[in-house]
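K.L.:
As a plain string of letters, each chain reads:
Protein chains: 2
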Amino acid sequence: MKNILIIGCGLIGSSVLRAVYSKKISKNIYIYEKSKKNILIIKKLKIRCKIINNFQKININFDLVIFCTPMSEYSKNISRINKFLTNKTIVTDVGSTKELSSKNVKKKLKKNITWIPSHPISGSEVSGAIHGNKNLFKNKWCVLIKEKNIKKIHLSKLKLFWKKLGAKVAIMNAKEHDFIFSVTSHLPHLIAYNLVKTATDFEKRKKMNLIQYSAGGLRDFSRIAASNEIMWRDIFFSNQKNIISAISLFIKNLNLFKNDIKLKNNSKIIKKLINTKKVRKKIIKLKQDINKPDFGRF
Amino acid sequence: MKNILIIGCGLIGSSVLRAVYSKKISKNIYIYEKSKKNILIIKKLKIRCKIINNFQKININFDLVIFCTPMSEYSKNISRINKFLTNKTIVTDVGSTKELSSKNVKKKLKKNITWIPSHPISGSEVSGAIHGNKNLFKNKWCVLIKEKNIKKIHLSKLKLFWKKLGAKVAIMNAKEHDFIFSVTSHLPHLIAYNLVKTATDFEKRKKMNLIQYSAGGLRDFSRIAASNEIMWRDIFFSNQKNIISAISLFIKNLNLFKNDIKLKNNSKIIKKLINTKKVRKKIIKLKQDINKPDFGRF
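These protein sequence lines map, in sequence, to chains A and B.
In this text, residue positions in the first sequence follow my numbering: the first is 52, and each later residue adds one.
In this text, residue positions in the second sequence follow my numbering: the first is 52, and each later residue adds one.
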C-alpha cells in the first residue's frame, strides 16, 4: 500500500502507526491528529510519517484510511477526507460497535467507496500515543465486517493488512458482531463501572475508607472501570439495544443469585460456582488470557 | 511460639506453613490436613513439621492454632482440638467473614480460650498447597478482630505473628469487617460469577461461541469467577445480610445506568465514567494494585 492515512493517533492509532512502520507495510504514512500531546510523542518516535495539519493543503489519493478516533468523531472527519478517496481506496476503522456507526459512515462517505469496518480486540484502560505498542495486535482477534457488495479483493487486502500487524482475523456481519461484543466486552465494562460506583456510594454513605481494602476483588474491576470515558459513552449509546438486553438478563440472574443466598440453597449455588470455574479454563485454553494465578501480578 | 498447629493446608494454610518455617517463628509446627494431594506436596517441600493423622495419639499444648479450612469445617475441628488448648493458647483463623463464624466458633470452643479471628487479604483464584507461597502475606493487609474481653498481650502477640509474615495489620470489629469486605470482596466475586453465568446463558441461547472473544473484558471476570466454590458458598451464606444489601444497591445503580443509556443522557454517563476512573488511581496510590497497564499481562 502506497499511501496510508491514520486519523486519530491515540493508543490504537499510534500502535497501528508503529506496527505499519516496523513491518514496512507502506511507503507513505500520513497522520491526522489534533492532540498536541500525542503529536509530541509521535515526533519523538522518529518514525518517518507526515503529520497533516490542514487537508486543504494536500493532494494525495489514499489506498487505506483508518479511523482511530472515538466513533462520535467519524462524521466530521469523513467530510474532510472524501475528496482524497478513489475506487481503489479501502476505508476502515477500529471502533468497538458496528451497526449504527457503519450506517452513519455510509451516509457521509462519497458514493462507491469501499468501506470495511475493523475491530481489533486490543484495548486497554490506558489511552494516548504514549501507551502505543507495535505489538498491540499480535495474536489478538481483529474482526472485519462484511458489508453488502464488498469485493473479495478488497476484503483480502484488509485481511492481509491486519495479519501483517500480527492479528488473527475473523469475519462476521455487523449485527452478529454487536451482539457478541455486547456480552463479552460492553456488559463487562458497564458492570465494572457500576461496581466501582456502588463501592464509592457505600463509602460516602458510611463515611468509611473502603478502597484501601480493595485487593480482595474490587481492584480488578477498577482497572476496566478506568477506561476512556468518551470511547465508552460512544459504545454504550451506539450498541444501546444489545446492551440493554444484556443488562436485563444480568439483573434477572442476579436476582436469582440473591434469592439462592437468602434461602441458603446449597446445591444451586455450588452448581453455579462450579460451572463458572470451567469458563476460566476454556478462556486460558483459547489463549484469551495468561495461565498464571492472579494474572501473574505477584 | 513453641507449638503451632495449622489446620488445613491448602493455599493459605501451606503459605502460613512456608512463611512460619522460613521466618523461624516456631520450634514445632504441626499440621492437620486430610487431602492426600496436599500432604504429598508438603512432604516434598522438606519443611520440618509434624503431620497429625490422629489427635488421639498426641499430647501437646498448642501456643497458636490457625484454622485454614473452609469456614464450614471449623466446628468439627474444634471438637478435635479443645483438649490441647490452655489459657496461654491463641486460636485464630483466616476466614473471609467474621460475625457468624466467630459466633459459631465461640459456641464450640472450650471456655476461657483466647479467640482472635484473622483475615489476611491474600486470596487467589487457585487453591491447594501446590500454589502456596511464603511471601503470600507480604505487604498485604491482615485484619484482626477485637472480640470482647481479649487481653492486650494476646492481641499484640497475634499482631506480631502476622507482621513477621510480612503483613500490615488492621484491627476492627466483626461487624465493621463484614460490611467492608461485603463491598470490596464479596460483591465483586458474586458479580463476576453472575457475569460469567450470564455470558454462558447467552452462548446457549444463541448457540454461539462467544468465549473465544473474551479478551475485550470478560476474561478479567473469569479469573475471579474461578475461585473455590466451597469457600465462596461459605462466604455468601455467612455474610448473607450485608451481601444482599450490597446486591440491592448494585441493582438500583444498574437500573439507573440502563436508563441513562436508554435516554442517551450524555452528561450523567460521562460524569459516572470519569468518577470511577479516579478510583483506579486511588487504588494504585494505596498500593492495592500494580501500576502497569493491563496488570502488566503483555
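Worth flagging that the hints you see were computed from the coordinates, not collected in a lab.
This one's a predicted model, so the numbers in the text were calculated from it and none came from an experiment.
It cannot be assumed that every hint is accurate.
No distinction is drawn between identical chains; accordingly, a pair holds when it is met within one copy or between any pair of copies.
Within a straight-line C-alpha distance of at most 27 Å, the following computed DSS-like cross-link-like pairs (lysine-lysine) qualify [to be verified]:
{"no.": "1", "residue 1": "LYS343", "residue 2": "LYS219"}
{"no.": "2", "residue 1": "LYS159", "residue 2": "LYS343"}
{"no.": "3", "residue 1": "LYS158", "residue 2": "LYS338"}
{"no.": "4", "residue 1": "LYS53", "residue 2": "LYS127"}
{"no.": "5", "residue 1": "LYS74", "residue 2": "LYS191"}
{"no.": "6", "residue 1": "LYS74", "residue 2": "LYS162"}
{"no.": "7", "residue 1": "LYS95", "residue 2": "LYS258"}
{"no.": "8", "residue 1": "LYS208", "residue 2": "LYS219"}
{"no.": "9", "residue 1": "LYS88", "residue 2": "LYS328"}
{"no.": "10", "residue 1": "LYS159", "residue 2": "LYS313"}
{"no.": "11", "residue 1": "LYS199", "residue 2": "LYS139"}
{"no.": "12", "residue 1": "LYS332", "residue 2": "LYS343"}
K.L.:
Hint by hint, say whether it matches the structure.
P.N.:
Verification of the hints:
1. LYS343 - LYS219: So LYS343 and LYS219 pass the 27 Å test inside a copy (23 Å) and across (25 Å) alike.
2. LYS159 - LYS343: neither (47 Å within a copy, 39 Å between copies)
3. LYS158 - LYS338: For LYS158 and LYS338, neither the intra-copy (38 Å) nor the inter-copy (49 Å) Cα distance is at most 27 Å.
4. LYS53 - LYS127: Answer is within: at 25 Å inside a copy they meet the 27 Å cutoff, but 75 Å across does not.
5. LYS74 - LYS191: within (17 Å within a copy, 44 Å between copies)
6. LYS74 - LYS162: Result: close neither inside a copy nor across copies, 32 Å intra and 74 Å inter.
7. LYS95 - LYS258: Neither, since 46 Å and 49 Å both go past 27 Å.
8. LYS208 - LYS219: Answer is within: at 14 Å inside a copy they meet the 27 Å cutoff, but 57 Å across does not.
9. LYS88 - LYS328: So LYS88 and LYS328 pass the 27 Å test across copies only (20 Å; inside, 43 Å).
10. LYS159 - LYS313: between (54 Å within a copy, 25 Å between copies)
11. LYS199 - LYS139: For LYS199 and LYS139, only the intra-copy Cα distance (17 Å) is at most 27 Å; the inter-copy one is 80 Å.
12. LYS332 - LYS343: Close inside one copy (11 Å) and across copies (25 Å); limit 27 Å.
When held up to the earlier numbered hints, the structure conflicts with 2, 3, 6 and 7 and fits the remainder.
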